[in-house]
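J.: Protein chains in written order, with the numbering used here: chain A, 21 to 121; chain B, -15 to 383; chain C, 68 to 244; chain D, -2 to 133.
A couple of the hints might just be wrong.
Straight-line alpha carbon distances no greater than 30 Å define the calculated BS3-like cross-link-like pairs of lysine-lysine that follow [as the list claims (entries may be wrong)]:
{"id": "1", "chain 1": "C", "residue 1": "Lys165", "chain 2": "C", "residue 2": "Lys183"}
{"id": "2", "chain 1": "B", "residue 1": "Lys365", "chain 2": "D", "residue 2": "Lys87"}
{"id": "3", "chain 1": "B", "residue 1": "Lys89", "chain 2": "B", "residue 2": "Lys75"}
{"id": "4", "chain 1": "C", "residue 1": "Lys165", "chain 2": "A", "residue 2": "Lys46"}
{"id": "5", "chain 1": "A", "residue 1": "Lys46", "chain 2": "B", "residue 2": "Lys89"}
{"id": "6", "chain 1": "B", "residue 1": "Lys373", "chain 2": "D", "residue 2": "Lys87"}
{"id": "7", "chain 1": "B", "residue 1": "Lys342", "chain 2": "D", "residue 2": "Lys118"}
{"id": "8", "chain 1": "B", "residue 1": "Lys79", "chain 2": "B", "residue 2": "Lys89"}
{"id": "9", "chain 1": "B", "residue 1": "Lys342", "chain 2": "D", "residue 2": "Lys117"}
It should be emphasised that the hints constitute simulated quantities derived from the structure, not laboratory data.
Residues per chain, in single letters:
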Amino acid sequence: MISLPSYLFISFLLFVAGMFVMIARKNIVAILLGIELILNSAALNFVAYTKFVNNNLDGHIMSLFIIVIAAAEAAVGLAIVIRFYQLRESVHIDDATQLQS
Amino acid sequence: MNSTIVSYLSQFEGYQKFVSMASSFLGSNASGYITFLVFFLGAFVIVNVMALIGGLGTYAERKISADLQMRQGPNRVGPYGILQFLADGVKMIMKEDIIPSASDKFMFTLAPLLALLGVLATFAVIPFSSGLMLSDLNVGVFYLIGVSSLVGVGVFLAGYSSNSKWSMLGGMRGASQIISYEVPVTLSILSIVLLAGGMSFGTLVNAQSGFPHEWFILHNPFTFIGFFVYFIGALAETNRAPFDLPEAESELVSGYHTEYTGMRFAFFALAEYMEVFVVCGVAAALFLGGYKVPFDLGDGAFFTHTLHLPEFIGKNIGQVLELGSFFTKTLVLYYIVIWIRWTLPRLRVDQLMTLCWKYLTPIALFNLVGCAFWMYYFEGKSLYVLLFKSAAHAAGAGH
Amino acid sequence: MFEQILFLLSATATIGFTVAVVGTNNLMHACMYLLGTLFGVAGLYATIGADFLAATQIVVYAGGVVILMLFAIMLTGGAEDKKNRFGIEKIPSMGSTKTYIVAGASVLIIAMIVLKMTANIHTANKDLAVASTGNESTVFNIGSLLLTDHILAFEISSILLLGALVGAAIIARPKRN
Amino acid sequence: MASHGLDVYMPIIILMAFAVIMIVGALLVGRILRPHNPNALKESAYECGEEPIGIAWSNFNVRFYVVSLIFIIFDVEGALMFPVAAVFKKFASIGLGAPVFASFVLFILILFSGVIYCWKKGDFDWVKSYRIPSSK
Chain A
21 MISLPSYLFI
31 SFLLFVAGMF
41 VMIARKNIVA
51 ILLGIELILN
61 SAALNFVAYT
71 KFVNNNLDGH
81 IMSLFIIVIA
91 AAEAAVGLAI
101 VIRFYQLRES
111 VHIDDATQLQ
121 S
Chain B
-15 MNSTIVSYLS
-5 QFEGYQKFVS
5 MASSFLGSNA
15 SGYITFLVFF
25 LGAFVIVNVM
35 ALIGGLGTYA
45 ERKISADLQM
55 RQGPNRVGPY
65 GILQFLADGV
75 KMIMKEDIIP
85 SASDKFMFTL
95 APLLALLGVL
105 ATFAVIPFSS
115 GLMLSDLNVG
125 VFYLIGVSSL
135 VGVGVFLAGY
145 SSNSKWSMLG
155 GMRGASQIIS
165 YEVPVTLSIL
175 SIVLLAGGMS
185 FGTLVNAQSG
195 FPHEWFILHN
205 PFTFIGFFVY
215 FIGALAETNR
225 APFDLPEAES
235 ELVSGYHTEY
245 TGMRFAFFAL
255 AEYMEVFVVC
265 GVAAALFLGG
275 YKVPFDLGDG
285 AFFTHTLHLP
295 EFIGKNIGQV
305 LELGSFFTKT
315 LVLYYIVIWI
325 RWTLPRLRVD
335 QLMTLCWKYL
345 TPIALFNLVG
355 CAFWMYYFEG
365 KSLYVLLFKS
375 AAHAAGAGH
Chain C
68 MFEQILFLLS
78 ATATIGFTVA
88 VVGTNNLMHA
98 CMYLLGTLFG
108 VAGLYATIGA
118 DFLAATQIVV
128 YAGGVVILML
138 FAIMLTGGAE
148 DKKNRFGIEK
158 IPSMGSTKTY
168 IVAGASVLII
178 AMIVLKMTAN
188 IHTANKDLAV
198 ASTGNESTVF
208 NIGSLLLTDH
218 ILAFEISSIL
228 LLGALVGAAI
238 IARPKRN
Chain D
-2 MASHGLDVYM
8 PIIILMAFAV
18 IMIVGALLVG
28 RILRPHNPNA
38 LKESAYECGE
48 EPIGIAWSNF
58 NVRFYVVSLI
68 FIIFDVEGAL
78 MFPVAAVFKK
88 FASIGLGAPV
98 FASFVLFILI
108 LFSGVIYCWK
118 KGDFDWVKSY
128 RIPSSK
């Protein structure tokens, strides 16, 4: 039961859900939330392949750095959202049409 | 060797016999079920004992504060009022459960659950003794840091979901305070991990020994400062006075649990008192030798070999001594926490942030570098060993 | 036995909470469901023997990213539902029918492509599943790898974090005028 | 008995289940015991006896975000440093203490420069660091 395809399937579901959230939502914070789901699915894939295919720990290192980058991305992304909100009083993605405030 | 409660029990013949008996009774290998049963019973006992300690904590708090202020304290229910917490519990459960109509009901229910979940899940790795440790995770301390940060989410949610201004202010303050002080706490734990060479509580405790000079607090000057950094940070993380800004009565009514009544409020209080025990236990395990007993009495070899007691009894006497050692250290720290609460005035928010980011975090980083240097330069030998060696060397040279 | 139970619990939590994240229309609730998903993924890591990654997932996500997101939601008007001075809804609805249709269609296309690409992995499963070994701790191996093979990535990640810290602080800090 | 590797996670699941059971059980038991007669006044938010004005889910100061930002950077830093700290002893015992110490300290120094930056920019001064952002 616990085999590579089961992990890949969960990872696939996470990816699809993240994709759906990213496209369907209009709130920038919700879009960042979808990105977190996608990054998680990628990290899960790395660990699953590491376990079932090549059995060294490089996939773990990769997932560790994915988590690091996800945290950095969330920090910077949410900072941009907050700045955007201060300027335009909105977190609607369609309002973000100008590069300069 | 992972020293969980199951591996401790499985070294006795009776347990093995019981497992094989159950296996033949069930017709299949029963060790999995027995393991589950042992863990379940162990977790049940630990949760109940901790809830009792949490309850007694409220009693102790009131009694000690009364003592410090030359009052009587609770003295009606039971001898010396010791059953006061039961009366409080009964009162809490009889109280009407009010959910504010403007609140977010789902979050309002979720918040105490997260706070309690964050505390209860840490009990899995607390080393009560070498045998009574539910699971010796390889990432023990790291796991504990992660799970206990759920309490911060719970506090924030409690403040958010109530839709009351006092609660919201308390929740924001509480969450930012908890996450801020997690930084110096993590860094001081990191320096101990560096010296012990492992993250599991088994490794961390076994790197120390029974006597104070073998504890990590007296290992080198950096860990000595690190203990105080950890302790101050842990005080702030549990929202205890002098860091009780999230629930500052004189400013925020009751902070993040202003709108909570009855059992929901009781769970926040219980989670807080249990978390105080957890951070005191971690301080005892990391810095004060944990469950170690002087002269290695804890492993029971003395009782079986010198006093010729049966192995089962000898080992269990050792375990009881270890439990006593751990609980003594933890409860002394618990007393100090209460003592500090009733002695020091509350900080202001800006002082809180200044203390965390301008003092504790740089000090903790400096400690970490210092411990790394100590590890590299002195190969991790403790100050005592170094001094003793140099003294012996000087004495040898003198002759 | 317990391996299966842990896997089933984690997988159920992951999938269930992910569906909830997709389904809910309340951003705060979505954040909480995301917390559940992340815990489920941590459980999945635990079942593959990646104990350190499971703990990292809990520390970084449960303690860090989720709180950061909750703060950001509060700082961008919380759940308050009103129009701003441009007449735009301050907090937009989580999506409209149009976006749901577009998202559904693109997800379906991606799903078909991915399933087509990975169709043979199910048949190749027999060769793949043999490589799994015991569940020894990964902490020391990860530490050793970080200090030997991946030392450059380790150091550069600190520069990345420094950049993220400085950049995000500059962006979020209100300008003094 | 050779305990299976994943058994160490069993107590965590059990304890989490206990937490859920405690909350649900107490609320269910309480439902039988306690009175239940709500009214609008009881269910309104507490504002010292006044009628609540508006709702509380409003904007907060950005300082909270900057603090949590610094926290998450340190959290991730901790996640990277924990395994390195755990193997430090092993590397030191085989005579590789110096390079490991150097890379470890370099890592800390790079991050500490970020702390110094935020310190200098006044992100840690809770009171006087910001004016209220003026709405244009």
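J.: Hint by hint, note whether the structure agrees.
T.: Comparing the hints with the structure gives:
| no. | hint | verdict |
| --- | --- | --- |
| 1 | C:Lys165 x C:Lys183 | holds (27 Å) |
| 2 | B:Lys365 x D:Lys87 | holds (14 Å) |
| 3 | B:Lys89 x B:Lys75 | holds (23 Å) |
| 4 | C:Lys165 x A:Lys46 | holds (11 Å) |
| 5 | A:Lys46 x B:Lys89 | holds (25 Å) |
| 6 | B:Lys373 x D:Lys87 | holds (23 Å) |
| 7 | B:Lys342 x D:Lys118 | holds (13 Å) |
| 8 | B:Lys79 x B:Lys89 | holds (18 Å) |
| 9 | B:Lys342 x D:Lys117 | holds (11 Å) |
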